[in-house]
Amino acid sequence: MELYLTRHFGKPEAKTLAGYEKLGGFRTARKALTMKPEEIVAQVKAANLRGRGGAGFPAGVKWGFLPDNGRPRYLVVNADEGEPGTFKDRRLMEQDPFQLLEGILITCHAIRAKTAYIYVRGELITAARTLDAAIEEMRAKRYLGQRCMGTPVELDIFVHRGAGAYICGEETALLNSLEGKRGEPRLKPPFPAVAGAFADPTIVNNVETISAVPHIIEKGGAWFAGLGVEGDGGVRIFGVSGHVRKPGLYERPVGYNLRQLILEDCGGIRGGNQLKGVIPGGSSTPVLLPSEIDVPLSIAGLQAAGTMIGSAAIIVFDETTCVVRAMWRLARFYHHESCGQCTPCRDGCGWIEDILTRIENGRGTRADLETLEKTARGMSGTTICPLADACSMPTLAFLRKFRSEFEEHIEKQACPHGNRFVAPWEVK
Amino acid sequence: MTWNPAPRIEEKLEKILKAYPDKRAACLPALFLAQDELGWVPDDVMVWVSEKLGMPKSQVEGVATFYTMFNKKQVGKYHLELCTNISCSLCGAEQVLHALEDELGIKVKQTTEDGMFTLHEVECLATCGMGPAMQVGEVIYEELTPEKVPAIIAELRKKG
Ligand SMILES: Cc1cc2nc3c(=O)[nH]c(=O)nc-3n(C[C@H](O)[C@H](O)[C@H](O)COP(=O)(O)O)c2cc1C
Ligand code: SF4
Ligand code: FES
Numbered sequence: 001m002e003l004y005l006t007r008h009f010g011k012p013e014a015k016t017l018a019g020y021e022k023l024g025g026f027r028t029a030r031k032a033l034t035m036k037p038e039e040i041v042a043q044v045k046a047a048n049l050r051g052r053g054g055a056g057f058p059a060g061v062k063w064g065f066l067p068d069n070g071r072p073r074y075l076v077v078n079a080d081e082g083e084p085g086t087f088k089d090r091r092l093m094e095q096d097p098f099q100l101l102e103g104i105l106i107t108c109h110a111i112r113a114k115t116a117y118i119y120v121r122g123e124l125i126t127a128a129r130t131l132d133a134a135i136e137e138m139r140a141k142r143y144l145g146q147r148c149m150g151t152p153v154e155l156d157i158f159v160h161r162g163a164g165a166y167i168c169g170e171e172t173a174l175l176n177s178l179e180g181k182r183g184e185p186r187l188k189p190p191f192p193a194v195a196g197a198f199a200d201p202t203i204v205n206n207v208e209t210i211s212a213v214p215h216i217i218e219k220g221g222a223w224f225a226g227l228g229v230e231g232d233g234g235v236r237i238f239g240v241s242g243h244v245r246k247p248g249l250y251e252r253p254v255g256y257n258l259r260q261l262i263l264e265d266c267g268g269i270r271g272g273n274q275l276k277g278v279i280p281g282g283s284s285t286p287v288l289l290p291s292e293i294d295v296p297l298s299i300a301g302l303q304a305a306g307t308m309i310g311s312a313a314i315i316v317f318d319e320t321t322c323v324v325r326a327m328w329r330l331a332r333f334y335h336h337e338s339c340g341q342c343t344p345c346r347d348g349c350g351w352i353e354d355i356l357t358r359i360e361n362g363r364g365t366r367a368d369l370e371t372l373e374k375t376a377r378g379m380s381g382t383t384i385c386p387l388a389d390a391c392s393m394p395t396l397a398f399l400r401k402f403r404s405e406f407e408e409h410i411e412k413q414a415c416p417h418g419n420r421f422v423a424p425w426e427v428k
Numbered sequence: 429m430t431w432n433p434a435p436r437i438e439e440k441l442e443k444i445l446k447a448y449p450d451k452r453a454a455c456l457p458a459l460f461l462a463q464d465e466l467g468w469v470p471d472d473v474m475v476w477v478s479e480k481l482g483m484p485k486s487q488v489e490g491v492a493t494f495y496t497m498f499n500k501k502q503v504g505k506y507h508l509e510l511c512t513n514i515s516c517s518l519c520g521a522e523q524v525l526h527a528l529e530d531e532l533g534i535k536v537k538q539t540t541e542d543g544m545f546t547l548h549e550v551e552c553l554a555t556c557g558m559g560p561a562m563q564v565g566e567v568i569y570e571e572l573t574p575e576k577v578p579a580i581i582a583e584l585r586k587k588g
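Read top to bottom, the protein sequences are chains R and V. Its first residue numbered 1, the first sequence is counted upward by one per residue in our numbering. Its first residue numbered 429, the second sequence is counted upward by one per residue in our numbering.
With the rest of the complex left out, here is chain V (with noise of 0.2 Å):
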């Protein structure tokens, strides 16, 4: 079975598609594309991009499973990826990870039962002087400590 997106979606492909010489370079673009609508990439994505683009579907899936950032799993409302690398670690990230475990009642890598957050270590998030960093979506936060842990849960949930 394939995706069946909206129109516009097949429009920003067309768009994209213009940028390259071949067409295969739009896999990742195709996937981003395809994980903003669902939040994660499906299988039926892979046969989409695979017929999009020309390309066998498992060249398309051994792509999609390469990067991290393609989420193969669905994932919660908001995904807290929280920097664990050097320079954020040497300023105290893991005592935020552990707030962020106990606030969540989850462990790293667990999904909330509402479906509302999932929690994940990730690598070094390029903002290393005002670390401990969590980038949530496109909001990045920064200069963490166990104590805002709370407030910033509290937000979200209050959002929705």
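Excised from the complex, chain R in its bound form (with noise of 0.2 Å):
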């Protein structure tokens, strides 16, 4: 299969920009800026190209929503990359920068915005360094700056480090955070497109859409629409961990088959184990059993599954693995990265947390899968931004897949898997 989004993984020479134009960089980007933006926004909304960080929003279709008010543009790239399970974006900003830049550059030219960021979760120190390096040679081959490539365009791109909240991933707060305030999820509406980064129009896409869009430019938004299935178009980088003998990324066109890629491609489950399920988009996203996994990876696929294809994170885990512990470890984390603003999510997930907290320690009563069935259900649909969902979701999804292991937890006043404390440093 030919490689696209990740061709240049693991070759140093594309880190510079000589090397980077020596594989054939920046030709498209050339090409690009002589043409007209809205021949480039026709492109992206032909390639069917869905947003890669979770949502799945055509892009095409986002970008034609910026209103022509004379306003200041801004493009702000989502390089938060936080999903627990996904490690796609990082390697995309450290070993192919200028892939990425290059998106940056035609994609400022489509939507008319003169000043992009680059909004780089905290911890991705040496993608920070790698990006902040490629930006300083384009300026001084004058790729950026009044007259990009010697044309009218002009465009200047900068990196801006979030500092440690997994809420800085969603786009509102994520424009918060590059204000300078907490990141704190505002209120929909007003969309970003119309107010987003100093109240200005903006256009938030992550990184792995924006790395796409050369590719798109230089072979055709048909072409880039044919790799993959009916309205949602490509390859995605699949990133397997977990249990799997072979984990890492996996460039694949948008609709091949998970069992294939995780049986097959991943060289199966580690010592021969059994499968037991399959996280197929990021922590956030419904569990699969082994029964339910001979499904297209595609938005439309895992939705006809009942779960969903957010940030393509396969989370693979075989019968050693209590779901209890995992499903706990997971509250932990939205409890603790909840912004606090809406009751519903700050309490439940909390509550969510101690439960299951209380059923892995052996201490945890029928009434408590009432209790912690109910708390999940409220949460939903009643908050600001997602993150309450993406608790409630995966809990219910265990609970339900999954009873019969809870319900042994409750019966046994223990683990049936031997583990003795959620973690000793943290019981309640």
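What the hints contain is simulated information worked out from the structure, not anything from laboratory work. These numbers come from a predicted model, not from an experiment. Check the hints yourself; a few may be wrong.
[To be verified] The calculated DSSO-like cross-link candidates involving lysine-lysine, where the alpha carbons are at most 30 Å apart (straight line), are:
| # | chain 1 | residue 1 | chain 2 | residue 2 |
| --- | --- | --- | --- | --- |
| 1 | V | Lys451 | V | Lys480 |
| 2 | R | Lys114 | V | Lys440 |
| 3 | R | Lys188 | V | Lys485 |
| 4 | R | Lys181 | V | Lys537 |
| 5 | R | Lys11 | V | Lys576 |
| 6 | R | Lys246 | V | Lys576 |
| 7 | R | Lys181 | V | Lys440 |
| 8 | R | Lys141 | R | Lys36 |
| 9 | V | Lys587 | V | Lys576 |
| 10 | V | Lys446 | R | Lys181 |
| 11 | R | Lys181 | V | Lys500 |
| 12 | V | Lys440 | R | Lys141 |
| 13 | R | Lys114 | R | Lys31 |
| 14 | R | Lys412 | R | Lys401 |
| 15 | V | Lys443 | R | Lys181 |
| 16 | V | Lys451 | R | Lys141 |
| 17 | V | Lys537 | V | Lys500 |
| 18 | R | Lys31 | R | Lys219 |
| 19 | V | Lys446 | R | Lys15 |
| 20 | V | Lys440 | V | Lys480 |
Put the two chains together into one complex, using the hints given.
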């Protein structure tokens, strides 16, 4: 299979401007800067490029929402990669920084933005440094500035580092954080396209979304669309982690079979163990049972299976795994990361964590299971941002699909996997 | 009392300010500048940021406390941040955490008496396929096992 997004991974020369150009880089940007912005938007629309950050909104359609009000426009690249299980954007920035920067150049011309910010998660220090160095090289060669690559297009790109808050991956929290505020999500509307960074029209897109743009402009929107499935085009980077023999990043066409990816491409389950479950799109997405993984990896394919493709982060676990403990770890994460603005989220994530702590510690009761379910249900759809759902949806799925294991914890008053403590340092 | 950094820090801040249409947007970068120098963000840094960016000190504090990466207390010379989130946990991060605690003679969230090491659990470090993972400053250790822990600590001790 030909690779596009990851074709430069493992090639150190791609990290210098000269090396990237030798590999064919910036040819597409040069072409794109002479195209009409509308033509670029039309190609991206035709490509059926769906956002790779989690929500899957069609990128070209989003770009069309910018109002013509004469205000400055911004592109903000979401590089806050923090959804547990997700590890593609870090590599895209560290291994092929110019692919992203070329994508930014083309996108900014398309949406007529003169400033782009890359909001890089604070922990990803190497990614931020790699991008900073690459941007400096582009400035020195006048690929950025008043006249990018000798054309009338004006653009500068800045790296803005986050400082440790998962919620800043949510686009409006990210914009607050970019403005130097606490990273609390904003009520929508207004959407960022209308009032985003510094209250001006702003497009927020994921690193992988923007990294795909040069390929679309090079080979055409129809070509990209044809790689994927109806309404969901191109290739994606699937990050497989957990109990497979060969975890890692796998670039595959949208619509690729999940079972084939895990059992064949990733070499199956470690130690010849039995597969127990798969979280298909990052920690916020409902778990699938082994009998449910014969599905196409597309937005619609996973929706039909009752879950979501999210950030395409596939977490695989085998028979040795305690699902109560796995869910407890996620609940603890969401509780820690809730920004606290909405009561159902702040309290709900905490209750879920507490109840799971109790059950895993062998102190759970039957009533706990009902409270767990009721709490999780009550959190949905009542909050400013979807973080509450990100905690409640996987909780409900684990509870429904592995109910007997929860019950076993309660009947035995112990973890059947022999985990005596949830975590000795955190027992409440 | 306000922080009084070296001129080169002030110059860096001046350059950062050019990236934004609003000074306050430099709040996180300014706090990072200080933390890179001092290892944490003491009270006088909050005063400095509030003066430089023209925002109330309480607002700077509100920002600094929101983000986990700003150290509100001094940390050890080596800040060990081990991911114990789901993918790393599935691959044995808890055992690695206990091995680190044993090797250092401290519990998580503590600092060794000699001030060399602080141990923290952190959330997903975005390298889940290579877990368990630990970040120490700019270095990331991957595919950790309890057996690998003593050598890593010994090496850091030797570096001093
Ligand atoms: C709690 C939460 C965390 C998120 N984290 C990220 C993230 O780390 N990276 C990302 O690109 N999108 C993240 N998103 C999605 C963004 O809000 C937004 O949809 C996305 O950046 C848009 O870009 P795209 O259309 O290219 O995917 C998150 C959303 C929520 C609700
Ligand atoms: S749902 Fe949770 S994270 Fe989102 S705004 Fe409300 S409290 Fe904050
Ligand atoms: S879960 Fe540990 S790096 Fe992602």
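**OP:** Output the numbers, in ascending order, of every earlier hint that fails for this structure.
**Re:** Failing hints: none at all.
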